[in-house]
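Visitor: The lines below spell out each chain.
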Amino acid sequence: MTTQAATFTTSVPLERAPEACCLVIFGASGDLTHRMLLPALYNLALDRRLPPRFAVVGFARTESSDEQFREEARKSIEEFSRRPLDPAIWDSFAAGLFYVHGGYNDATSHDRLTETLQRVEQERGTAGNHLFYLAVPPTAFDDIIQQLSRGPYGRSSEGATWSRVIVEKPFGTDLTSARDLNRMMHAVFREDDIYRIDHYLGKETVQNILVFRFANGIMEPIWNRRYVDHIQVTVAESIGVGRRGSYYDETGALRDMVQNHMMQLISLIAMEPPLAFNGRSVRNEKVKVLHAIRLMEEKDVRTATARGQYGRGWVAGEEVPGYREEEEVAERSTTETFVAMRLFVDSWRWADVPFYLRTGKRLPKRSTEIAVTFKRAPQLLFKEFMDAPELDPNVLSIRIQPNEGISLKFLTKVPGSPLRLRPANMDFMYGASFIMQAPSAYETLLLDAFRGDATLFTRSDEVEAAWTVTESILAGWASIPPPKVPNYEAGTWGPPEADELIERDGRQWRRL
Amino acid sequence: MAEALDFEDRQLSWTDRAVDIDRIEAELTKMRYIAADETDGSDGFAIRTSLVNMVVYAEDEDTAAQTSRVIEELAGHHPSRALIIVATPTQDESRVDASLAAHWHLAPDMDQRVCCEEVTLHVSGRVAFHLHSLIVPLLIPDLPVVVWWTGAFPDDTHLIQEMCEVSDHLIIDSARFGDQVGDLTRIGVLAELHRCGVGDLNYERMRPWCELFEQYTESGALAPWLNAVTSVEIRYADEWGRTTSGQAFLFLAWLAQQCGWDTRSVSANGSNRLTIRQDERNIPAYMSAVGYEGVERGWLVSIKVAFEDNHGSAMFSMSRTGDPLHVTIRLELPEGVREDHVRIESCDSPTVLMHQLDVAPHSGEFVRLLAVANPLILATRA
Numbered sequence: 001m002t003t004q005a006a007t008f009t010t011s012v013p014l015e016r017a018p019e020a021c022c023l024v025i026f027g028a029s030g031d032l033t034h035r036m037l038l039p040a041l042y043n044l045a046l047d048r049r050l051p052p053r054f055a056v057v058g059f060a061r062t063e064s065s066d067e068q069f070r071e072e073a074r075k076s077i078e079e080f081s082r083r084p085l086d087p088a089i090w091d092s093f094a095a096g097l098f099y100v101h102g103g104y105n106d107a108t109s110h111d112r113l114t115e116t117l118q119r120v121e122q123e124r125g126t127a128g129n130h131l132f133y134l135a136v137p138p139t140a141f142d143d144i145i146q147q148l149s150r151g152p153y154g155r156s157s158e159g160a161t162w163s164r165v166i167v168e169k170p171f172g173t174d175l176t177s178a179r180d181l182n183r184m185m186h187a188v189f190r191e192d193d194i195y196r197i198d199h200y201l202g203k204e205t206v207q208n209i210l211v212f213r214f215a216n217g218i219m220e221p222i223w224n225r226r227y228v229d230h231i232q233v234t235v236a237e238s239i240g241v242g243r244r245g246s247y248y249d250e251t252g253a254l255r256d257m258v259q260n261h262m263m264q265l266i267s268l269i270a271m272e273p274p275l276a277f278n279g280r281s282v283r284n285e286k287v288k289v290l291h292a293i294r295l296m297e298e299k300d301v302r303t304a305t306a307r308g309q310y311g312r313g314w315v316a317g318e319e320v321p322g323y324r325e326e327e328e329v330a331e332r333s334t335t336e337t338f339v340a341m342r343l344f345v346d347s348w349r350w351a352d353v354p355f356y357l358r359t360g361k362r363l364p365k366r367s368t369e370i371a372v373t374f375k376r377a378p379q380l381l382f383k384e385f386m387d388a389p390e391l392d393p394n395v396l397s398i399r400i401q402p403n404e405g406i407s408l409k410f411l412t413k414v415p416g417s418p419l420r421l422r423p424a425n426m427d428f429m430y431g432a433s434f435i436m437q438a439p440s441a442y443e444t445l446l447l448d449a450f451r452g453d454a455t456l457f458t459r460s461d462e463v464e465a466a467w468t469v470t471e472s473i474l475a476g477w478a479s480i481p482p483p484k485v486p487n488y489e490a491g492t493w494g495p496p497e498a499d500e501l502i503e504r505d506g507r508q509w510r511r512l
Numbered sequence: 513m514a515e516a517l518d519f520e521d522r523q524l525s526w527t528d529r530a531v532d533i534d535r536i537e538a539e540l541t542k543m544r545y546i547a548a549d550e551t552d553g554s555d556g557f558a559i560r561t562s563l564v565n566m567v568v569y570a571e572d573e574d575t576a577a578q579t580s581r582v583i584e585e586l587a588g589h590h591p592s593r594a595l596i597i598v599a600t601p602t603q604d605e606s607r608v609d610a611s612l613a614a615h616w617h618l619a620p621d622m623d624q625r626v627c628c629e630e631v632t633l634h635v636s637g638r639v640a641f642h643l644h645s646l647i648v649p650l651l652i653p654d655l656p657v658v659v660w661w662t663g664a665f666p667d668d669t670h671l672i673q674e675m676c677e678v679s680d681h682l683i684i685d686s687a688r689f690g691d692q693v694g695d696l697t698r699i700g701v702l703a704e705l706h707r708c709g710v711g712d713l714n715y716e717r718m719r720p721w722c723e724l725f726e727q728y729t730e731s732g733a734l735a736p737w738l739n740a741v742t743s744v745e746i747r748y749a750d751e752w753g754r755t756t757s758g759q760a761f762l763f764l765a766w767l768a769q770q771c772g773w774d775t776r777s778v779s780a781n782g783s784n785r786l787t788i789r790q791d792e793r794n795i796p797a798y799m800s801a802v803g804y805e806g807v808e809r810g811w812l813v814s815i816k817v818a819f820e821d822n823h824g825s826a827m828f829s830m831s832r833t834g835d836p837l838h839v840t841i842r843l844e845l846p847e848g849v850r851e852d853h854v855r856i857e858s859c860d861s862p863t864v865l866m867h868q869l870d871v872a873p874h875s876g877e878f879v880r881l882l883a884v885a886n887p888l889i890l891a892t893r894a
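In order, the protein sequences belong to chains A and B.
Residue numbers for the first sequence follow the working numbering, so the first one is 1 and each next one is one higher.
Residue numbers for the second sequence follow the working numbering, so the first one is 513 and each next one is one higher.
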């Protein structure tokens with residue numbers, strides 16, 4: 001028994017417990033807080049992964065009290081938590097919930113917040129460490145940051161206590177606004193204390209990209225232009241814009257999805273091995289990929305991008321309205337709800353390998369995946385047994401959601417005679433292999449922020465590099481006539497131009 | 513809710529009414545997890561890696577049950593995720609009822625149980641006109657989609673078009689079509705429109721006749737005569753004078769393909785008599801119904817092909833004997849007469865479907881045959 005215990009303690013590294021702190025959520029009465037943040041915090045509490053001395057102070061314009069906030073939080077957790085509410089854990093968790101109401105630009109309200117934080121620090125022993133979560137629209141960032149600059153936070157983190165800030169996307173609406181936002185944040189916080197959250201990076205399968213690539217010796221030798229024919233990244237949503245009509249109509253699919261989530265996925269799939277698995281090394285390599293993406297000129301934008309907007313149609317057995325019929329969307333809106341494009345990463349590893357991206361709303365199904373298509377084997381050996389003109393290529397697909405997992409498609413012989421070839425998938429399902437529920441992305445990212453690990457957060461230079469690429473496309477779109485929209489029916493895979501884009505290269509979109 | 517694994521009934525199942533696709537997907541995932549959870553146990557239970565998405569359109573419950581049994585029989589060779597759709601668009605209420613099942617079998621000579629997933633959707637009301645919106649989310653990504661249309665060719669083609677939209681390969685049974693011959697031309701149009709391959713179970717049943725003919729022509733005694741066909745006579749089982757036979761037209765089209773005839777130069781005298789003009793020769797082709805017990809209406813009973821060239825004449829015939837599975841082949845050549853007796857393969861649904869699934873998705877073989885058959889069919893309809 002003694003030997004076993006010793007072996008156990010030496011072979012399994014202990015998880016570093018986060019330091020005591022107080023989480024301040026701006027926008028505490030909003031959807032994000034109730035659907036994502038509070039359930040994530042509660043699940044961390046269930047797993048005993050919250051800081052040992054911890055409190056949450058909600059701040060919002062809605063008038064409310066500590067008690068009401070706790071009651072609302074309980075309802076949210078009952079509705080949205082991945083695990084049921086445990087009364088014992090809830091009681092101790094709820095005791096650490098507090099609420100301050102006030103305007104984001106109102107100094108008096110912020111003074112009350114400061115007083116509350118001081119009181120909470122005394123009561124809960126949060127040690128003067130603060131994590132500010134800006135779960136508010138970007139228009140409120142400036143006010144909040146200005147007010148925080150008046151308090152004992154921000155750069156004071158260079159001392160014994162720390163203050164960090166989590167910012168939700170969008171990180172600007174273009175390169176200029178992103179730079180302005182970065183400047184504004186840097187005036188109060190150090191870059192190391194700014195956590196730009198992209199919840200995609202918190203997903204287990206996204207993190208697994210790095211493990212899959214760099215912990216398996218067989219992958220690295222073939223992960224390059226010699227063996228890879230092309231890469232497809234798909235982020236397909238079956239839902240429409242829902243209640244985000246007014247935000248989305250100003251934003252569009254390119255800014256909403258490509259600039260952030262998809263650029264992050266590309267950077268993870270295309271990056272060089274980092275020196276270490278830490279925030280600095282990983283992000284250094286990611287940003288190199290973003291800088292290597294070839295900027296588009298107008299002629300490239302014409303041939304290598306396609307955009308569309310959905311009209312009425314049927315998705316998953318439901319009749320759905322067209323985009324222009326959605327709430328808070330302009331009747332004559334030309335905002336794109338679908339984008340497809342071909343990018344090149346001009347690095348030694350990826351020269352001339354096309355990266356095809358597509359994302360859209362009201363597509364036939366929800367599916368996010370990265371598919372690496374390898375070059376075909378020479379066909380000569382099996383030509384006489386094939387009905388098709390070419391052998392199917394091997395495809396490695398990494399499913400981000402749903403049914404998280406990895407598949408490798410390869411050709412196999414159909415049993416019996418005569419010789420017939422048929423593709424088969426070697427399939428790894430995350431959930432079926434590890435019979436446990438993975439933590440939500442927000443659980444992972446909140447815990448990392450408590451610990452001060454920024455590996456899975458986006459750095460300012462990454463944001464600006466991604467905007468540089470995006471702006472080259474936006475500039476091209478501004479100089480060519482927009483397509484007549486709506487140009488794809490809800491429940492289809494986008495406009496015909498998207499198919500033409502990839503078919504011109506002799507390839508096809510994967511059927512998901 | 514998915515029930516606990518029940519090895520007695522050899523299936524894990526779940527059923528619910530008025531469900532949405534998200535729920536079905538969630539239950540499918542749950543079913544896979546339950547199965548995976550059992551894999552470590554001594555029972556060795558595992559969901560098979562599927563090689564194909566099989567989407568079946570069934571007109572009614574009985575057909576759905578029959579196709580389910582056929583698919584289960586095929587699972588050993590062609591593991592698939594099967595979606596069986598029973599659609600009744602005429603009902604007022606737009607609704608989807610679903611049942612899921614994971615059937616498993618003890619693989620022969622193996623300890624491990626293997627299992628395939630089956631989703632049955634009962635679709636009623638308006639949503640039945642938008643089947644692709646239900647089917648696509650339930651397909652396994654990046655695997656071929658084979659659609660098996662089990663019924664007659666519909667007057668309103670909306671449903672079959674919906675199915676073709678998601679299909680790489682459409683399997684039909686032209687024997688079940690109201691107009692066995694005329695509807696083949698409509699299938700050809702559909703295939704071209706949706707760029708999918710087509711296979712016909714009725715053609716598969718007739719394939720042994722083609723293979724027998726090939727044995728004698730490819731390298732056998734008939735090889736030198738292939739360019740000297742002077743007439744073709746095809747008989748099929750039916751009451752005399754009734755209907756036409758899909759198998760007869762398909763055989764004639766196949767023969768035309770083998771002989772390299774241009775079927776666009778054709779004239780017809782009635783629905784069963786054709787004359788194909790080839791190389792300055794007229795080749796008459798007669799199709800006629802004969803009474804024959806033991807096979808279904810429209811199935812081939814006998815084929816006679818006559819040849820003549822500068823060296824003389826020859827005749828090749830194949831005809832069913834009293835036992836429908838036995839065929840007598842008679843070859844009359846200038847050098848003598850030869851008779852062979854062969855047993856042809858069973859034509860049950862699993863067997864012919866298996867042959868179809870062996871054909872690579874997107875195979876153009878049958879579509880090419882339809883292109884040859886089309887002028888023949890149209891000539892008889894003019």
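Quick caveat, the hints were computed from the structure, so don't treat them as lab data.
Source: prediction; values computed, not measured.
Glycine included, each C-beta is placed from N, C-alpha and C at the ideal position.
Just so you know, not all the hints are guaranteed correct.
What the hints assert, rightly or not - Covered by chain B, according to a simulated footprint, are these stretches of chain A (three or more residues, beta-carbon under 8 Å):
no.: 1; stretch: 63-74
no.: 2; stretch: 90-98
no.: 3; stretch: 314-325
Unchecked claim - Here are some, though not all, of the chain B residues that point toward chain A, as calculated from beta-carbon distances under 10 Å:
no.: 4; residue: Trp-526
no.: 5; residue: Leu-563
no.: 6; residue: His-644
no.: 7; residue: Pro-666
no.: 8; residue: Val-802
Visitor: Give a verdict on every hint.
Guide: Structure-based check of all given hints:
1. 63-74: violated (count 0)
2. 90-98: Three-residue rule not met by the stretch 90-98 of chain A, so violated; n is 0.
3. 314-325: Contact hint for the stretch 314-325 of chain A vs chain B: holds, 6 residues under 8 Å.
4. Trp-526: 17 Å, violated
5. Leu-563: 6 Å, holds
6. His-644: 7 Å, holds
7. Pro-666: 20 Å, violated
8. Val-802: 35 Å, violated
Of the hints listed earlier, those the structure fails to meet are numbers 1, 2, 4, 7, 8, in rising order.
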